[in-house]
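Colleague: Combine the two chains into a complex, taking the hints into account.
First to last, the sequence lines map onto chains A and B.
Each residue of the first sequence is one higher than the one before, counting from 1 in the numbering used here.
Each residue of the second sequence is one higher than the one before, counting from 1001 in the numbering used here.
Calculated from the structure, these hints are not laboratory results.
No experiment lies behind these values; they were computed from the predicted model shown.
Any given hint could turn out to be false.
As the list claims (entries may be wrong) - Here are the in silico distance ranges between beta carbons for each label pair:
no.	chain 1	residue 1	chain 2	residue 2	range
1	B	Ala1007	A	Leu20	32 to 40 angstroms
2	A	Arg109	B	Val1019	42 to 50 angstroms
3	B	Ala1059	A	Lys58	29 to 37 angstroms
4	A	Asp57	B	Val1002	42 to 50 angstroms
5	B	Leu1093	A	Arg8	50 to 58 angstroms
6	B	Thr1141	A	Gly55	16 to 24 angstroms
7	A	Leu23	B	Ala1148	41 to 49 angstroms
For glycine and all other residues, C-beta sits at the position ideal for the given N, C-alpha and C.
The residues making up each chain are set out below.
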Amino acid sequence: MENDLVLRVVGKLLIPFILLFALYVQFHGDFGPGGGFQAGTISAAAIVFYALIFGLDKARRIMPDRLVEAMLASGVLIYAGVGVAGLLLGGNYLDYFVLDKDAVHGQHRGIFWVEVGVHITVCGVMLKIFYMFASRGQDGEE
Amino acid sequence: MVLAVLALARTRNLFAVVVLSGAYSFLMATLLVALDAVDVAMTEAAVGAGVSTVLLLGALHLCKSQEAKPVRGPWLPLLLSLATAALLIYGALGLPDFADPNAPIHQHVVPRYLQNEVDVPNVVTAVLASFRGYDTLGETTVVFTAGAGIIALLRRRKPKGEKEAHDGK
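Just chain B, same shape as in the assembly (with noise of 0.2 angstroms):
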């Protein structure tokens, strides 16, 4: 994964880009599997480095497949995001370890949807659609706003509203 990102970072060319981000997803998916959250590693497998990949391609298609020199130095970009990554660093580090049982997020609520009034098997998908019900809807509503908005963004005027648009400039 490392190797990805570097290789991303240094290469100009974005057809390039576009397949290693691909590998990337691919790489997390693997990640998420060792870390035994199958549901989301089959999303990151699906939408990561499937769909977004085509849609980028997509976008590729549509303008320069090399990359602009930058304008400014890229050093500002870097103190910045050095700092975060100390602060998310600085953040973790107060997380409690790995697996502890002890954790408060397995004390919570964890145990009552563990224990599973709704009788799904799939824990996940009891969380997302039942105990979480109101969290799934408005993601729905999000993904469909993102639809709306690109149809809003990019559908084809028709002959009459281009010449509209024309002479209004």
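With the rest of the complex left out, here is chain A (with noise of 0.2 angstroms):
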């Protein structure tokens, strides 16, 4: 597929459209529907997509293995971490009242701090999943 015209050109046309509504999703989720889950799962698919129409090579220049493999690990902590920073401002663990003077504020500094955890996990094993499956092919190629 990476001679293909025109799915290069749609590709690069759709790929920062596809990141931005991730990230509208993500910040939207307050709002509208939307959330970590679905924005992670959505990020994903646009890498993904690189993946397919440029080739895997390429897209793992621009997303390492190590990068995702730390994503997988990190968006856990950061969840867990919100609990703990709750902790330690005297609240119960991921009580999000006491995270700023106003208890509103607090509790939406709480869902979004873990919303962006979501994210990280489910975009970090997402892509590794795929990467797994494709580099086998790979090599079952050669």
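Modeller: Written out as structure tokens, the structure reads:
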């Protein structure tokens, strides 16, 4: 598929918008449908799309394996870290009310970081699974 | 959807099966939109129709694209799934009517969720990330574990490790 002109042009046009849409879904999740799970999947799909059109090696150059594996763990750590931050500020684990002077603001801040954590983990896992399957296929051809 | 399922059961070409299940996911997403569950519909469209189709195609790349002939007849599995379906339908008959305001689920904690002390306009997000923060932390950990399991199973071993594995056999 790497030499298909139509796919390359359409892919280059669409991928920025897919990533932008993922961010919109992420940060607009408080007001409309969306959130970390959906946004993580969409942004992973953008990179999978890129890998399908331009080849796995190029995708691996922009999203190296090491980064993807770090994303896997850091998302959960961010989520758990929000809980620990609540503990340190004198609340219960995953208690967002203490994260800011204003309780409602604290809630918003907590939800924001929790969703960021979910996004990073989901995106990392999706990419990792795709990389694993795709690189196996390459071995079979060689 | 019924047509898609019947075609799924009939066809033996796995490529067609993957594409059909993607189409089924999209139909499911439209059904969820009709039920006003937009968040779930979005997830279904992105995960069910998008990513899992790609992953299944990747898996298909690794194996044959024709389904093998079943060894035994279909009667026992058919009986089992019919029995399960009958049980589920029997259970569903006991549920309160669709959109009944007096159903127990609308009387218990939901009024508090909808009162929204969190002040986030999308109630789904509020419930997911705040009221049920522990659940979501667990879910994220499950996703992380899935990724870690994939790494443990499929990571390419270094030549030295491979040699040891062969020696072990």
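Colleague: Give a verdict on every hint.
Modeller: Right, here's what the structure says about each hint:
1. As the Cβ distance of Ala1007(B) to Leu20(A) is approximately 36 angstroms, the hint placing it in 32 to 40 angstroms holds.
2. Between Arg109(A) and Val1019(B) the beta carbon distance is about 43 angstroms. The supplied range of 42 to 50 angstroms therefore holds.
3. At about 22 angstroms, the beta-carbon gap between Ala1059(B) and Lys58(A) misses the expected band of 29 to 37 angstroms.
4. The beta-carbon spacing between Asp57(A) and Val1002(B), approximately 43 angstroms, falls within the hinted interval of 42 to 50 angstroms.
5. For the hinted restraint 50 to 58 angstroms between Leu1093(B) and Arg8(A), the CB-CB distance of approximately 55 angstroms keeps it satisfied.
6. Here the CB-CB span from Thr1141(B) to Gly55(A) is close to 33 angstroms, at odds with the stated 16 to 24 angstroms.
7. Here the CB-CB span from Leu23(A) to Ala1148(B) is close to 26 angstroms, at odds with the stated 41 to 49 angstroms.
Hint check: violations occur at hints 3, 6 and 7; the rest are consistent with the structure.
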